[in-house]
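Participant: So you can see what is in the structure, the chains are spelled out below.
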Amino acid sequence: MSSSTMSPNEAAVEGSRAQATAPRWRDLVAAEWLKFRSLRSTFVVLAGAIGAAFFLSYGSAKQSAAGWPGVGGWMRQGIEPAHDAFFPPGFYAVMIVISTVGAQTIVSEYASGLIRTTLIAVPRRGRVMLAKAAVVAGALTVVGAIVTAGCWQITLTEYSNRITLYGWTTPGMPRVFVATVIMFPLVGLIGLAIGMLVRHTAVTIFALLVSFWVMPVGISSVDDILGTHIFTHVANVLPENAWLLLTTVGSPNNIVGGHPSITGAWISYTAWALAAIAVIAFAPRLRDV
Amino acid sequence: MIEIDQLTKRYRKVLAVDQLTFTVRPGQVTGFLGPNGSGKSTTLRMVLGLARPTGGAATIGGLPFQQYGTGLRHVGALLDAGDLHKGRTAQTHLAGLARSNGLPRRRVREVLEQVGLAEVAGRRIGGFSLGMRQRLGIAGAVLGDPPVLIFDEPINGLDPEGIRWARELFRGLAAEGRTVLVSSHIMSEMENTADHLVVIGGGRLIADEPLAEFAARATTARVIVRAPDPAALAAVLREAEPAADVVVDGAEALTVTGFSAVRINELAFGHRVRVYEVTARGGSLEEAFMDMTAGSVQFRTADIGGA
Chain A
79 MSSSTMSPNE
89 AAVEGSRAQA
99 TAPRWRDLVA
109 AEWLKFRSLR
119 STFVVLAGAI
129 GAAFFLSYGS
139 AKQSAAGWPG
149 VGGWMRQGIE
159 PAHDAFFPPG
169 FYAVMIVIST
179 VGAQTIVSEY
189 ASGLIRTTLI
199 AVPRRGRVML
209 AKAAVVAGAL
219 TVVGAIVTAG
229 CWQITLTEYS
239 NRITLYGWTT
249 PGMPRVFVAT
259 VIMFPLVGLI
269 GLAIGMLVRH
279 TAVTIFALLV
289 SFWVMPVGIS
299 SVDDILGTHI
309 FTHVANVLPE
319 NAWLLLTTVG
329 SPNNIVGGHP
339 SITGAWISYT
349 AWALAAIAVI
359 AFAPRLRDV
Chain B
7 MIEIDQLTKR
17 YRKVLAVDQL
27 TFTVRPGQVT
37 GFLGPNGSGK
47 STTLRMVLGL
57 ARPTGGAATI
67 GGLPFQQYGT
77 GLRHVGALLD
87 AGDLHKGRTA
97 QTHLAGLARS
107 NGLPRRRVRE
117 VLEQVGLAEV
127 AGRRIGGFSL
137 GMRQRLGIAG
147 AVLGDPPVLI
157 FDEPINGLDP
167 EGIRWARELF
177 RGLAAEGRTV
187 LVSSHIMSEM
197 ENTADHLVVI
207 GGGRLIADEP
217 LAEFAARATT
227 ARVIVRAPDP
237 AALAAVLREA
247 EPAADVVVDG
257 AEALTVTGFS
267 AVRINELAFG
277 HRVRVYEVTA
287 RGGSLEEAFM
297 DMTAGSVQFR
307 TADIGGA
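Read top to bottom, the protein sequences are chains A and B. Terminal number for the first sequence in the working numbering: 367, no gaps in between. Terminal number for the second sequence in the working numbering: 313, no gaps in between.
By construction, these hints were calculated from the structure, which means they are not laboratory data. Heads up, some of the hints might be wrong.
[Said to hold, decoys possible] Have a look at the derived ranges for each label pair, beta carbon to beta carbon:
| id | chain 1 | residue 1 | chain 2 | residue 2 | range |
| --- | --- | --- | --- | --- | --- |
| 1 | B | Ala257 | A | Arg365 | 34 to 40 angstroms |
| 2 | A | Arg104 | B | Ala124 | 48 to 54 angstroms |
| 3 | B | Thr285 | A | Arg365 | 38 to 44 angstroms |
[Claimed, not checked] Here are some chain B residues pointing at chain A (derived, C-beta under 8 angstroms):
| id | residue |
| --- | --- |
| 4 | Thr65 |
| 5 | Phe71 |
| 6 | Gln72 |
| 7 | Leu90 |
| 8 | His91 |
| 9 | Gly93 |
| 10 | Gly102 |
| 11 | Arg105 |
| 12 | Pro110 |
| 13 | Arg112 |
| 14 | Gly146 |
| 15 | Ser266 |
C-beta atoms are modelled at their ideal positions from N, C-alpha and C, and glycine is treated no differently.
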């Protein structure tokens, strides 16, 4: 038992030399990607969300196409093709599901205790969490691209030769595509940030439901009851309302209620993303796990 | 080397760890003992940077653990065998850990073979027994070939063969010059494993000494006496030696500390108190541990059989 296969001093010296080297981003992102893709439930949920989005497009585009002959001349300019492709209330529901995928990557670690194993392996908490955020953002961008392309193709197919005003290259559509694709990683990161703050599955899902459905759909109606404007401003700050404006190809007046400007909408996207990333990077440093 | 200096953790009103100071040296297995709730796990979580100390500091190799970039290469730790996601396979779980530290993929296979889980590497952890999860946790701890290893109650759930295997593994790691800290709330687990013991109770340090010295303390022999009238005998003994500890155990028995069996016999004879049986019980490590920590046990069962 006395023979050494590895000199303790050597090990210690090697240890102190390597201590300053931070873990490589490449390794951390690869590790988080491995964790993300190795859970079957993630794929089931994402497949469900993609399927639901496609089905919603099919339904609303079909309805628009069916009603098209009855739509009179000037009214035809008022149709919002992007809101057929991404029917807003349904799209918000899909966003809730997407945000839970982001939230689950951290909530499941807290719930199972895996977080301790993770942080013993890599004590730099901020880096681990940012690597997680990068994986969530990357994976959900791909999902966003699939949904956006798929939904638009379904919409065009359903419009068929009845509604012929729109195609892949219609002016204004690039903005719709970009805004919609980005919405996926954005809500994923917000979900991750909320999950990190709440750390409890049921409460997290409730919080996401409120922030991605109840708030955008319901909050501005509070103004109607109270006769104020303040809640409309709050609603305008939400990413859904930014998305709603960015995906409006026709006149912005098509949107009922208040709305931010196009610039304001992009600022809203950026601000939410930065806020989420700040929470993800700094919140876990303060907590005992 | 793990150095713990005045380490303190307070949760609102509960003082979980109270100014704990000790050093864990390389080349030997250090047993970290204490009853349930004595603060062992809290201490280890602070050492590993998972919990923030209220006061004091803990360093590994001279540095707070959080300052290490790649933890696995410096410290391997198993805190709780349940600290993993049940939906992943053993192999994927370890591959994620290895990748995060830039360790080669082959290490995963090597450690799975080392802990005897190679055949179930592709199975989901959800179907693993506690013993298998302990082995998987140990595999994760040795993954980065670290100079310092920390195991919190690693024996729980292992079968006798597994216990012997784990014991030999810990001794082997220490023999290679590594620092090995193994916690337990059962003294007998440490008897054949540890070279050095750190004992805590109620968050405070009770003992920090070589196992041999600790064992030497275990001579607080007790004498069990069976007598038809234990109260009468107790009165005689207490009169003879007021400092002695005499406890009436039920209707016919006494437990006496501080008297030899011979002295008890003589006193009983001299006072004409009838005695059926006088048995000397040599102290064991387990008993020394129980005696030392008796004052600090947090979850004591109700005393049965009167005092």
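Participant: Are the hints correct? Go through all of them and say.
Facilitator: Each hint, compared with the structure:
1. Ala257(B) <-> Arg365(A): 34 to 40 angstroms: Given range 34 to 40 angstroms: violated, Cβ gap about 55 angstroms.
2. Arg104(A) <-> Ala124(B): 48 to 54 angstroms: Distance hint for Arg104(A), Ala124(B) is violated at roughly 28 angstroms.
3. Thr285(B) <-> Arg365(A): 38 to 44 angstroms: Check failed, 54 angstroms falls outside 38 to 44 angstroms.
4. Thr65: It is violated, given that the least Cβ distance between Thr65(B) and chain A is near 11 angstroms, above 8 angstroms.
5. Phe71: holds (6 angstroms)
6. Gln72: holds (5 angstroms)
7. Leu90: At about 5 angstroms, which falls below the 8 angstroms cut-off, the nearest Cβ of chain A leaves the hint on Leu90(B) intact, so it holds.
8. His91: holds (5 angstroms)
9. Gly93: holds (5 angstroms)
10. Gly102: holds (5 angstroms)
11. Arg105: holds (4 angstroms)
12. Pro110: With a closest approach of 11 angstroms, the Pro110(B) hint is violated.
13. Arg112: For Arg112(B), the interface hint is violated, since the closest Cβ of chain A sits about 16 angstroms away, which is over 8 angstroms.
14. Gly146: holds (7 angstroms)
15. Ser266: violated (40 angstroms)
In summary, the numbered hints that this structure violates are 1, 2, 3, 4, 12, 13, 15.
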